[in-house]
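Please build the complete structure, drawing on both the sequences and the hints.
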Amino acid sequence: MTAAVTPAGQELLLDVRGLTTELALEAGPVRAVDDVSFALPPGGTLGVVVS
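Those letters in the sequence shown? Residues 2 to 52, per my numbering, in order.
Source of the hints: derived by calculation from the structure; they are not laboratory data.
Ideal placement from N, C-alpha and C gives every residue a C-beta, glycine not left out.
Careful: at least some of the hints might be erroneous.
[What the hints assert, rightly or not] Here are the simulated distance ranges between beta carbons:
(1) 37 with 12: 29 to 37 Å
(2) 21 with 41: 17 to 25 Å
(3) 10 with 51: 21 to 29 Å
(4) 52 with 20: 15 to 23 Å
Here it is in structure tokens:
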């Protein structure tokens, strides 16, 4: 895992650290996202792909 580097004083539109999400399914819980971190500066682009 690599750490995001943000120039000092730069504001972020979105800053997510250590996101973990589990889905409750009949067969039991499934971890969909495990310890994800990202930062989005103003004017940046974020894409989410689910397969």
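Could you tell me whether the CB distance from residue 52 to residue 20 stays inside 15 to 23 Å? holds (19 Å)
Verify the CB-CB distance for residue 37 and residue 12 against the hinted window 29 to 37 Å. 21 Å Cβ-Cβ, so the 29 to 37 Å window is violated.
Falls inside 17 to 25 Å, the C-beta gap from residue 21 to residue 41? Because 19 Å falls inside the window, the suggested range holds.
Taking the beta carbons of residue 10 and residue 51, is their distance inside 21 to 29 Å? violated (35 Å)
Violated hints, in rising order: 1 and 3; the structure is consistent with all others.
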